[in-house]
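> Model the placement of chain B on the given structure of chain A, informed by the hints.
Those protein sequence lines, which keep their order, are chains A and B.
Per this note's numbering, the first sequence starts with residue 220, numbered consecutively.
Per this note's numbering, the second sequence starts with residue 61, numbered consecutively.
Mixed in with the good hints, there may be bad ones.
Unchecked claim - Derived DSS-like pairs: lysine-lysine, alpha-carbon spacing no greater than 27 Å straight-line:
1. B:225 <-> A:320
2. A:371 <-> A:567
3. A:320 <-> A:656
4. A:315 <-> B:225
5. A:567 <-> A:320
6. A:567 <-> A:369
7. A:656 <-> A:567
8. B:148 <-> B:87
9. A:371 <-> A:315
10. B:148 <-> A:371
11. A:369 <-> B:225
12. B:225 <-> A:378
13. A:378 <-> B:148
14. A:371 <-> B:225
15. A:641 <-> A:656
16. B:87 <-> A:378
17. A:315 <-> A:567
18. A:656 <-> A:315
By construction, these hints were calculated from the structure, which means they are not laboratory data.
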Amino acid sequence: MSFSDFLLMRNELLLVAAAVIILIADMSFSDENKRGLYNISLLTMIIITVLGFLPAPSGKLFGGMYITGDIYILMKNILNIATVIVLLQSRGWLEKPGQQKRMGEFILLLVSVLIGMSYMISSGHFIMFYLGMELATIPLAALAAYELNKSKSAEAGIKLILLAAFSSGILLFGTSLIYAAAGTLYFEGVMAILDSTAFTTLGLILFFAGLGFKISLVPFHLWTADVYEGAPTNVTSFLSVASKGAAVFILVIILNTVFKSLNDVWDPMVYALIIITITIGNLFALRQRNIKRFLAFSSIAQAGFIMLGVINDGGLGMATVIYFVLVYVFSNLAAFGVAAAIENETGKESIDDYNGFYRTNPRLSLVMMLAMFSLAGIPPFAGFFGKFFLFTAAAEKGYYILTLIAVLNTIISLYYYLLVIKAMFIDKNGAPIGYFKSDTAMQVSLVICILGIIVTGFTSGVFDYMVNLSQQFFLTLQ
Amino acid sequence: MNALTIIFYIMAVLMVVFSIMAVTSRKLLRAAIYLLFVLIGVAVFYLAVDYMFLAAVQVVVYMGGILVLIIFSILLTSHLGERLQVVKPTTMLFAAVLSLVSAGVVISVINGFTFITSTFEGDKLTVAHIGQQLLSYDQFGYVLPFEVISILLLAAMIAAIAIAKYKHQGKS
Chain A
220 MSFSDFLLMR NELLLVAAAV IILIADMSFS DENKRGLYNI SLLTMIIITV LGFLPAPSGK
280 LFGGMYITGD IYILMKNILN IATVIVLLQS RGWLEKPGQQ KRMGEFILLL VSVLIGMSYM
340 ISSGHFIMFY LGMELATIPL AALAAYELNK SKSAEAGIKL ILLAAFSSGI LLFGTSLIYA
400 AAGTLYFEGV MAILDSTAFT TLGLILFFAG LGFKISLVPF HLWTADVYEG APTNVTSFLS
460 VASKGAAVFI LVIILNTVFK SLNDVWDPMV YALIIITITI GNLFALRQRN IKRFLAFSSI
520 AQAGFIMLGV INDGGLGMAT VIYFVLVYVF SNLAAFGVAA AIENETGKES IDDYNGFYRT
580 NPRLSLVMML AMFSLAGIPP FAGFFGKFFL FTAAAEKGYY ILTLIAVLNT IISLYYYLLV
640 IKAMFIDKNG APIGYFKSDT AMQVSLVICI LGIIVTGFTS GVFDYMVNLS QQFFLTLQ
Chain B
61 MNALTIIFYI MAVLMVVFSI MAVTSRKLLR AAIYLLFVLI GVAVFYLAVD YMFLAAVQVV
121 VYMGGILVLI IFSILLTSHL GERLQVVKPT TMLFAAVLSL VSAGVVISVI NGFTFITSTF
181 EGDKLTVAHI GQQLLSYDQF GYVLPFEVIS ILLLAAMIAA IAIAKYKHQG KS
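The shape of chain A in the complex, shown without the other chains:
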C-alpha cells in the first residue's frame, strides 16, 4: 500500500480536513459574530461537493475494509448536496442572537455525521459499517437536543439516543450471529460463505431491524414523529433526508452483496414491510396538523416507497433507489425549507396557521406547492418519475399486487399533500402570517431545490447514468 492509495478515500479525507478547518476557524471568531465561520464552512463544503464530481479511482483499501467505486461516490455526492442545502437553510436560525455562540459545534457535528455516513456507505467490513453508523447517529442526537430551552427538543435528543442504542444492540446481535455462521466479518468473506439456514435468517432479521430503525420503516418507526417534531427544523430536515438516504444506500448494497444468498428470506420480509410502512405512514399522516409531524409521517410513507426499489435485486432496483433518494432530497428539503423559514419568522408550526399564506407570501407558497407536488408524484415534476421508476422496478420482478397497493397509497398521499396546498391557497384566514423576506441563503437553497426538482425530472441523462453505474456495480460482483 502506498500513500497514493489514500486518494481512494478522497471524500472522507476532505471531510475530515473540513472538520479540522472548522474546528480551528471557530477559535478565531468572537462569540457574538460568527458570520465568518459560517462562510468558511459553507465554502469548504461547497468545494468538497464540487470536488466529489471529479472522476475518482475505484478499488479497495485496508484489505477490503474500505470499498469505493463510481456508485459509492455518487451516493456520497447526493449526501454532500443534501448537507450543503441544509447548511444554507440553517443560516438564519444559526445567526439568531444567543445562538451564534454555539454555531461552530452545530456545523462540526453536521460534518462529522456526514463523515460517518461516508464511511458507512464505503464499508467492506461489519465493524466499519457499525462505526460509521454510530458516527452518523450520536452527533445527530446532540443536534436534535440542540434547543435545550425547549423541553421537546431535549426529549427528541434523549429519545433518539436511547432508541438508537437499543436498535444498535439488536443490529450487533444479528451481526454476531452472522459472524458465528461465517467466521469472518469482511463483506466479501461473508458473501462467499453464508447460506440460508434458520441461524443466518435470524441474523439477517435482527440486522435488518437495526437498519430499519434508521430508515424508520414501520414497525421500527415509533421514534420518528416525536424526534422530528422536537428537533430544530433544520436538524429534522437533515434527519429525514441524509440520515434516511445513507441508511437506504447501505441497505441496498448489503442486501445485494452480503445477503445475496438469503434473497428468498428478505424478499417476503421487504414485501410485508413495504405494505405496512406505506399504509401506516399514510393513514397517520392524514391526521397530523403539525407540519413537522406531518412531514415525519410523510417521510415514513416515502421510506416504504423507496423499499419498492430495494425489493428488485438488480441494476434497475439500485438505480431507482438512488434516483428516488436524489429527488426526495430536493423535494423534502424544499418543503422543510419553507417550514423552517416560517418557523424562524413567526414560530408557527401548525398547518392551520398556513391558511391564506399565498396572499401574503406568494413565492414561498409556490415553492411549497412544487415540493408537495413532487412528493405526491404529480407528472411533470421529478417526484413522479421517481415513483414511476420504483413501480417499474417492483413490477419487473413480478410484484404486481404490491405495485397496485403502492399506487393506491399514492392516491391517499395525494390527498394529504394537497391539504397543505389547500390551506395555503384556498382557505380564508382573517389574520394570515404577514409578509416576510427570508434570508439570502434560504432563498438560494430553495432555488437549488426547485431547480433540482425540475432538472432531475426533465433530463433523462441523470437516470440513465445511474442505471449505467448500477449495472456496472452488479457486473463487478460476479
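Frame of chain A; chain B shown alone:
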C-alpha cells in the same frame, strides 16, 4: 465433567440471576452494582477460554471505567434513596411474555446450529500480536476502524460540549 465446566455453569446461572436483578431493581445504584457482577462473569468466561488480555481489558474498561462512570452519573443526577417508578403490571406481563418468547426463539435457533470448531488457541494470542493487528493496514488489520473511532470520540465530545455549553449560557 471437569472443573471448568462446573465453573462455567455456576457463573452462567449467577449472570442470569444478576442480569434479571439489574433490570428489576428499583434502586438505580443497586442495579448498577448487579450489572458489575454480570460484567465480572463475562471476564471469567474470557479467562476460561484463555483470552487473558481480553479478560484484563474487560476488568479495566468495563468495571474500572464504564461502571464507575455509570455510578457517577447516577450520583450526580438522582438522590440515593430515590426509587424508580413501579412498572404497570400489564406492561410487565407484556414485556415478560415478549422476552420469554424471543429468548425461546433465539435459543432454539442457536441450539439447532452446528458451529465450526475454531482451530485457534486462545493462549497463543499475545498482547504484541493484538497490537500489531490493531495497527496493521493489510487484510485482518484494524488501523482504519482504530482511526475512525478517534473521530467518533471527538464528535461525541463536541456533542457533549454543545449540550453542556447551553446550560452555562442560560445562567449568565
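> Compare the structure with each hint and give your call.
Status of the hints after comparison with the structure:
1. A distance of roughly 9 Å separates the Cα atoms of residue 225 of chain B and residue 320 of chain A; the hinted pair therefore holds under the 27 Å criterion.
2. For the hint linking residue 371 of chain A to residue 567 of chain A, the alpha-carbon distance of about 15 Å falls within 27 Å, and the restraint holds.
3. Restraint check for residue 320 of chain A and residue 656 of chain A: the C-alpha separation of about 25 Å stays at or below 27 Å, so the hint holds.
4. About 17 Å separates the Cα atoms of residue 315 of chain A and residue 225 of chain B, which keeps this hinted pair within 27 Å; it holds.
5. About 25 Å separates the Cα atoms of residue 567 of chain A and residue 320 of chain A, which keeps this hinted pair within 27 Å; it holds.
6. Simply put, residue 567 of chain A and residue 369 of chain A have alpha-carbon atoms about 14 Å apart, close enough for the 27 Å limit, and the pair holds.
7. Between residue 656 of chain A and residue 567 of chain A the CA atoms are separated by roughly 16 Å; this keeps the pair inside 27 Å, and the hint holds.
8. Only pairs whose Cα atoms come within 27 Å are accepted, and residue 148 of chain B paired with residue 87 of chain B is accepted, the gap being roughly 17 Å.
9. Our distance criterion of 27 Å between C-alpha atoms is met by residue 371 of chain A and residue 315 of chain A, whose separation comes to about 20 Å.
10. Between residue 148 of chain B and residue 371 of chain A the alpha-carbon distance is near 25 Å, which keeps this suggested pair within the 27 Å criterion.
11. Distance check on the hinted pair: residue 369 of chain A and residue 225 of chain B sit about 15 Å apart at the alpha-carbon level, within 27 Å; holds.
12. For the given pair, residue 225 of chain B sits about 21 Å from residue 378 of chain A by alpha-carbon distance, which is consistent with the 27 Å threshold.
13. Restraint check for residue 378 of chain A and residue 148 of chain B: satisfied, since their Cα atoms lie roughly 21 Å apart, inside the 27 Å limit.
14. Among the hinted pairs, residue 371 of chain A with residue 225 of chain B is consistent with the structure: their alpha-carbon atoms are about 19 Å apart, no more than 27 Å.
15. Note on residue 641 of chain A and residue 656 of chain A: the hinted pairing holds, with a Cα-Cα distance of about 22 Å set against a maximum of 27 Å.
16. For the hint linking residue 87 of chain B to residue 378 of chain A, the alpha-carbon distance of about 22 Å falls within 27 Å, and the restraint holds.
17. A threshold of 27 Å between alpha carbons decides the hint, and for residue 315 of chain A with residue 567 of chain A the separation of about 17 Å falls inside it, so the pair holds.
18. Between residue 656 of chain A and residue 315 of chain A, the direct Cα distance comes to roughly 15 Å. Compliance with the 27 Å bound is thereby established for this hinted pair.
When each numbered hint is compared with the structure, no violation occurs for any of them.
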